[in-house]
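Novice: Here is how the chains run, residue by residue.
There are 2 protein chains.
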Amino acid sequence: MLPRGRPRALGAAALLLLLLLIGFFLFGGDLEYERPRGAAALDGDPPADRGGHNLSDCVPARPLPPKCELLHVAIVCAGHNSSRDLNTLVKSVLFYRKNPLHFHLVTDAVARNILEMLFHTWMVPAVGVSFYDLEELKPQVSWIPNKHYSGLYGLMKLVLPGALPPDLARVIVLDTDVTFASDIAELWALFAHFSDKQVIGLVENQSDWYLGNLWRNHRPWPALGRGFNTGVILLRLDRLRQAGWGQMWKLTATRELLTLPATSLADQDIFNAVIKEHPGLVQPLPCVWNVQLSDHTLAERCYSEASDLKVIHWNSPKKLRVKNKHVEYFRNLYLTFLEYDGNLLRRELFACPSPPPPGTEQLQRALAQLDEEDACFEFRQQQLTVHRVHISFLPHEPLPPRPHDVTLVAQLSMDRLQMLEALCRHWPGPMSLALYLTDAEAQQFLRFVEASAVLSARQDVAYHVVYREGPLYPVNELRNVALAQALTPYVFLSDIDFLPAYSLYDYLRASIEQLKLDSERKVALVVPAFETLHYRFSFPSSKAELLALLDSGSLYTFRYHEWPRGHAPTDYARWREARTPYRVQWAADYEPYVVVPRDCPRYDPRFVGFGWNKVAHIVELDAQEYELLVLPEAFTIHLPHAPSLDISRFRSSPAYRDCLQALKDEFHQDLSRHYGAAALKYLTALQQPPGPA
Amino acid sequence: MLPRGRPRALGAAALLLLLLLIGFFLFGGDLEYERPRGAAALDGDPPADRGGHNLSDCVPARPLPPKCELLHVAIVCAGHNSSRDLNTLVKSVLFYRKNPLHFHLVTDAVARNILEMLFHTWMVPAVGVSFYDLEELKPQVSWIPNKHYSGLYGLMKLVLPGALPPDLARVIVLDTDVTFASDIAELWALFAHFSDKQVIGLVENQSDWYLGNLWRNHRPWPALGRGFNTGVILLRLDRLRQAGWGQMWKLTATRELLTLPATSLADQDIFNAVIKEHPGLVQPLPCVWNVQLSDHTLAERCYSEASDLKVIHWNSPKKLRVKNKHVEYFRNLYLTFLEYDGNLLRRELFACPSPPPPGTEQLQRALAQLDEEDACFEFRQQQLTVHRVHISFLPHEPLPPRPHDVTLVAQLSMDRLQMLEALCRHWPGPMSLALYLTDAEAQQFLRFVEASAVLSARQDVAYHVVYREGPLYPVNELRNVALAQALTPYVFLSDIDFLPAYSLYDYLRASIEQLKLDSERKVALVVPAFETLHYRFSFPSSKAELLALLDSGSLYTFRYHEWPRGHAPTDYARWREARTPYRVQWAADYEPYVVVPRDCPRYDPRFVGFGWNKVAHIVELDAQEYELLVLPEAFTIHLPHAPSLDISRFRSSPAYRDCLQALKDEFHQDLSRHYGAAALKYLTALQQPPGPA
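Chains as they are written, first to last, in my numbering: chain A, 1 to 693; chain B, 694 to 1386.
Just so you know, the hints here were simulated from the structure itself, not pulled from any lab data.
Built from N, CA and C at the ideal position, the CB exists for glycine as well.
Warning: the hint list may mix true and false statements.
Listed below are several chain B residues computed to face chain A (Cβ distance under 8 Å; list not exhaustive) [what the hints assert, rightly or not]:
1. Y789
2. A955
3. R994
4. V1020
5. N1025
6. T1029
7. S1047
8. D1108
9. L1226
10. R1229
11. S1231
12. F1232
13. S1234
14. K1236
15. A1266
With the C-beta cut set under 8 Å, the calculated list includes, among others, these residues of chain B facing chain A [as the list claims (entries may be wrong)]:
16. A1133
17. Q1136
18. D1199
19. Y1200
With beta-carbon atoms standing in for the labels, derived distance ranges [unchecked claim]:
20. B:Y1195 - A:Q514: 54 to 60 Å
21. B:E1041 - A:G470: 35 to 41 Å
22. A:D658 - B:A1241: 39 to 45 Å
23. B:V1147 - A:R365: 37 to 43 Å
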């Protein structure tokens, strides 16, 4: 790249051309050269036509940083929606990258919660993450009046030189609404073009905003020409600190705010005002590194000439709906990474050995020890799979926890999405739901919720996406994810194909209060389960109505026909007459739906696929001496549905049953190990005449 | 790239280094250089370490062909499975490409059928396709005894110089089992390195096969050292033709076959034998352009050093199961494109204007005329969407058509996959099923069929994948795709949630014979429809059993409770008693399931989403004077299921009903236009008291 207006460089270029003509003569066409892409700089010049020139003009192309150099990226991210955007941005960066990366994430508590879990479970080799508390940095910018939709978060980029580690010399700063279409190392390599005085690399604005006069009284902040866009920034942090950046931007901002009421474009206004005052600070970057798709964009001048777009910037709150005749093209790039299976990015950088992410080594050893010929290989492999988890996928505002409150906990996959509206009508309280989805399905799910008035209205339902990986449904891992995210003192451990009595939420809270339970007391409140085999069905509004339907044969106790043992201890006969809670004893294969304190034992994640996953949990509760109390007015009803794909695949397989038996045996061995002689009764119970698994 | 053993080039390299040192001095570090990736050549040398060198050694990097040059690719493809592979390969090429492309496909009839439809409906800008008949070329190679799993198809690459258009000078030849991880233009650019005598560019084999002695009596064909792999070939067709390639390889092959019984690796043996004889013909290519993952691969020497792999070659019939400790890494690259949404590749090449694919202009005009504010915008847009269609997605061997044979025609999406096994048990005859899936779901579907003994056993079920695009279910377009692919003279137009009587297939064929129907006669045989609301249900094995279930209230006539008009004209009372077929008259909203000649009217594709789609088809049959004959022993039963996501999304929407009404009005207008006064009765019928839409 030849910086403009430097005669020494121009003279050198002429000499180089001469030398290369000699080289060309000697090599007789064996070599090809290309003009640098970097030549398409600030002024929007197209890159040189490759046709005809490729053998004659030699300047180096595609400079890259040293192999395996660690590249640093900083991103400000707050809230649920930006966390989803960040996920997509990171996927696009990882797809093309060939270098180790470190992400510096300046986040609020919501985003930190989500992203810590996401990166922890993603386990991408050669990717580091650090978090910085946005709240702590806020006072440094909160004095600035700002009208931009990004709020204070936009301004946060100004304080990065002070916030990031003092030994960090360079960083690429990105908005969450950019998508990469190339290797980020090529962007990093542009640092090499900075002169000694340059500290900030930026792409020119692709709109006329800073030229002013867009409307009457439109008075933008000062800028050089069209000014620069701050969606993609290269920062020389070391030099900024030396130059007293912290004072510099505050002085400029304070002075401008004497005549201007507020920033309109947040940090961008201030960066531009500083640059206007100190033009030597900026290194203009080629336009392809920040193709800006705002409503009045001039980006076409950039992208219609360049064959090689590098970064797309959706810098408009309207995002994909932006009016741009080529929006389809850009939308496709964006959708590519929105729907891209993030699991596929867990690939090593062969050429750059790096310490494996925490936990990976142990995991790989365990995976390596598996025997591929073992009939239960798929089970073992699934058990060892670490699923990528995106908690609180959608915005969610839980109420402050109340002492007797209960969260409904369940898990589902795409084929049960249509249960959600009915469930919301039946359960007016908080819910924590784990969804087992692919990245593409997560987007379908998002659209499904947005299109549903019932679901959009609910702020107390938390959706946690667990990304699909492996052939077997990790039912208990999903339950544990949903359980871990419940915020109330009690949880109702349900299944997605059950609808609770309309009154259940209120009744449970009242019962917890009346029974004077506290979360120290080990009690499991049993909610008796029923089922209808009828597809169309009128839900009973009271216990009396339920009993009438039971008597008329429209309802049955749950799994009455195939597996009565699963709920026999609930003692439905006694329940008919009961007016007060009554205690029942554990028996083999008991799997009631229960309400327990949030800190109850977790589900055993070894049970993947179908079978015995709830039974094992109830055994664990009993082993830990939870009292089982049946509630006389509580009920929940199972609705019929076609068998899920996952079930269909395995139900008929004898190998499947054998593996399930093996899991049960191992579970009992572990039980004896933990609880000693007390666990003997579970083994004895197994000797009873068995029913179906 | 510096070809080995050319002193002139070595001297030139030394001079260049000197010149560059001067350049470096002058530029003072403002420029970055990189050693050519091409330096990692034949012998598996790693590319130069970028660290430390990047400012000092200048040779050009990433040569590219002239901007917008049309690149040619030839692929041999036969059968269903290779067609699926080709789809994945093409997706990987299109993802990275920036140039116009022309694919030259040498295919058998099966692959041509599939791929013509695929490319025709894909409508990718700046992509041309030509087909060449594999059968015609076969005689040129069928005399060669060959033991390779690719059969004769592998040998076909030898005859490309004669088969491709005489004015085509260069072509890249690819096996269907390669995946691109970079821009194919970079590969094309390597043609520039060919000397005047070189005609074939190849990567060295990454196995010891051609060294011999892998086992006792292992005697490979002659080769230079490890020989070359022919999964990726650059061919100078013009020079090959001039050099008499057609004679050259035949002479060599004939001579070698005097002492060797057959080729083991098909074309590769012969290419290598020719090269051994004429080493000057070959230009060795860098190993990254064909990273070979066979069982005993030495590829690690290549990929562990290169940070930038270009092409992965799964050159083993075992493909993804190959034992390679890094297979996960490569599998991820492959899965990326296997599951990649091919619709996203329909993007223009802005920088290279090219004539739009056939039909696109008209389509874009129509799309541009749509009013985004129109309440029915989504309907209009969906109607105009051209879906990518992959017919015969799985291997399929239809029986020769028999005169009275009937194909069951239906369509489904992922949420009805579990119906397929039951359907196969109920219908032992041919089926043509359209599946509305994403690319990723198509892979899940493939695994589902492979895991099912029932489905794998059937050779007479054709699955046609229509790739999802747009918010509304294109029900009638799907039906038309399935209908168009039926090969028998009659079709049973069914829906996926119906199970026909076990005897229906035989009974229909017998009835068609007894009624002396021929495909000229416009008859629609009505199959009376019933439904069960019970989830668990024992299917009646005869009409008598069905009537008993009807009387006991376990079965109902179809939609008896919500929409009796839909099937009222079938006259269930008469059917109870009937012993012979009886004629019935059309009435408003009639939508029976019928058996008709294959050339029946198509479904009206304007009906997208749900509602009125079958009704309109029956109107069309009646308008074309089809006779409606109810069969006395035929029946089919609807099974209950949860509403599909697509239905749930719209059922409650009043706007949806309004749009459906608009579609109905337009349908009737078109009907009047086509059938004149005769269509008056349909409008009159509309005036009747209406039921639900």
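Novice: At the C-beta level, are A:D658 and B:A1241 separated by a distance inside 39 to 45 Å?
Specialist: For B:A1241 against A:D658, whose Cβ atoms are near 41 Å apart, the range 39 to 45 Å holds.
Novice: Under 8 Å, Cβ to Cβ, is where B:F1232 needs to be relative to chain A, so tell me if that hint holds or is violated.
Specialist: This hint is violated: B:F1232 lies away from chain A, its Cβ roughly 15 Å from the closest one there, beyond 8 Å.
Novice: Should the interface hint for B:Q1136 be scored as holding, given a Cβ-Cβ cut-off of 8 Å against chain A?
Specialist: Because about 11 Å separates B:Q1136 from the closest Cβ in chain A, which is outside the 8 Å limit, the hint is violated.
Novice: Does the nearest C-beta of chain A fall within a distance shorter than 8 Å of the C-beta of B:L1226?
Specialist: holds, 5 Å
Novice: If you check the beta carbons of B:V1147 and A:R365, does the distance land in 37 to 43 Å?
Specialist: holds, 40 Å
Novice: Grab the minimum C-beta distance from B:Y789 to chain A and call the hint holds if it beats 8 Å, violated otherwise.
Specialist: violated, 10 Å
Novice: Going by Cβ atoms only, is B:N1025 closer than 8 Å to chain A?
Specialist: With a closest approach of 4 Å, the B:N1025 hint holds.
Novice: With 8 Å as the cut and Cβ atoms as the points, is B:T1029 at the interface with chain A?
Specialist: Constraint on B:T1029 satisfied, holds at 5 Å.
Novice: Go ahead and decide if the range 35 to 41 Å is satisfied by the Cβ distance of B:E1041 to A:G470.
Specialist: holds, 38 Å
Novice: Is the hint on B:S1047 kept, meaning its closest Cβ partner in chain A is under 8 Å away?
Specialist: violated, 13 Å
Novice: Once the shortest beta carbon distance from B:A955 to chain A is found, is it less than 8 Å?
Specialist: Nearest chain A Cβ about 34 Å off; hint violated.
Novice: Do the numbers back the hint for B:R994, that is, is its least Cβ distance to chain A under 8 Å?
Specialist: B:R994 check fails; min Cβ-Cβ to chain A is 12 Å, beyond 8 Å.
In this structure, the earlier hints numbered 1, 2, 3, 4, 7, 11, 12, 13, 14, 15, 17, 18, 19 are contradicted, and the remaining ones agree with it.
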